[in-house]
Amino acid sequence: AQTVTQSQPEMSVQEAETVTLSCTYDTSESDYYLFWYKQPPSRQMILVIRQEAYKQQNATENRFSVNFQKAAKSFSLKISDSQLGDAAMYFCAYRRLETSGSRLTFGEGTQLTVNP
Amino acid sequence: DTAVSQTPKYLVTQMGNDKSIKCEQNLGHDTMYWYKQDSKKFLKIMFSYNNKELIINETVPNRFSPKSPDKAHLNLHINSLELGDSAVYFCASSLSAGTDTQYFGPGTRLTVL
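Protein chains in written order, with my numbering: chain A, 148 to 263; chain B, 35 to 147.
It is worth saying that the hints were derived from the structure and are not from the lab. Note that the coordinates shown come from a computational prediction; the quantities given were computed from them, not determined experimentally. Glycine included, each C-beta is placed from N, C-alpha and C at the ideal position. The hints are all genuine.
For the chain A half of the interface with chain B, some residues (derived, Cβ under 7 Å), not all of them:
(1) R190
(2) Q191
(3) M192
(4) R197
(5) S249
(6) R250
(7) F253
(8) G256
Only chain A is shown next, with the shape it has when bound in the complex:
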């Protein structure tokens, strides 16, 4: 079974600084998808970024980028120029590449605090 591990329960960053959240996963599959979701205090789960395992290029979305290391099974999220609105719980998630029954397996989450 696939597992996802986020080893940092809490992180903090100063506004305008850069922070990196760690995620590792375990799988025997070669094709899969990885995601970062953000959950602010409003509770809404918001997709931050998505990475296809077959793509060597790291995904980026504005201030958010990932460092995808397939051999090491590592998928970290870098947030540049941190803003107060980035404060949230961040979840790393894995999904197998399959035609049916494709579930997300989540990590335990990292609570990010942004200090003004």
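Start from chain A and add chain B according to the hints.
Same frame as chain A, but now just chain B:
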């Protein structure tokens, strides 16, 4: 405009009651999901339906019964509620059952007293 909506957002009830949570998506997606987020914020899949057909059924007590009247709706009915059922329940949808991104509803916080 809401893509995935859930009702109610909050549900407080007594042990032993039966309750339902409704989910609707207006994205034209074929696949819908129920996830449970426990008190430690851990999220886990419960069920998934694709075109009204059950495709994922995790190890969940049979007091939980999903129902999909059409592919835009996936409801969750819970019988004989227990204290341990207190959690946030998220509905999600994706274009298909395979490789597409899942979009989440706002969650329903269920409190069982």
